[in-house]
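**Student:** Sequences are here, hints too, so could you generate the full structure?
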Amino acid sequence: MRFRAVQRLRRQSDFRAVRERGRRHDCGGFTLWWLRRAPSETPLPPARLGVVASTASVGHAVRRNRAKRRLREIFRAHQDLVPAGCDLLLVARASLNQLAYGELEQKFMTACHKIFPDA
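Under our numbering, the residues of the sequence shown are numbered 53 to 171, in order.
Keep in mind that the hints were calculated from the coordinates and are not lab data.
Treat the hints with caution; some may be incorrect.
Okay, the calculated beta carbon distance ranges per label pair [as the list claims (entries may be wrong)]: (1) S109 with M161: 16 to 24 Å; (2) S106 with G74: 12 to 20 Å; (3) E155 with F55: 15 to 23 Å.
For every residue, glycine included, the Cβ atom is placed at its ideal position computed from N, Cα and C.
**Tutor:** Pasting the structure below:
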């Protein structure tokens with residue numbers, strides 16, 4: 053499946069809402085924040101993703117961009133694990149680029165199964 057434009061968190065207010073009203077799960081190389089949006093539309097809009105990689109935690113631009121690419125690809129490949137109408141925020145940590153892709157993928161899948169058991 054593709055990672056479409058409607059699946060991206062774009063506005064600062066959306067990022068802030070996930071951080072302030074959402075819940076958090078530590079996944080080792082990254083932190084997963086999630087917030088279920090109010091079901092105002094029928095059918096529910098698709099799950100949305102925001103990725104954050106700061107200079108202080110991840111490093112210079114090459115490392116930050118690699119971290120963000122890896123996290124976006126993991127979400128794209130496993131977006132079926134996240135229910136519709138849910139916003140995710142993945143915050144990269146310094147150790148993310150040292151972990152193997154398969155290990156990151158497994159951490160994301162485990163977190164999704166734990167957080168969204170019915171999806």
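**Student:** It remains to establish, for every hint, whether it holds in the given structure.
**Tutor:** Now for the hints, and whether the structure bears them out:
Between S109 and M161 the C-beta distance comes to about 23 Å, which sits within the given range of 16 to 24 Å. Remark: the range hint 12 to 20 Å for S106 to G74 is upheld by a beta-carbon distance near 18 Å. Between E155 and F55 the C-beta distance comes to about 21 Å, which sits within the given range of 15 to 23 Å.
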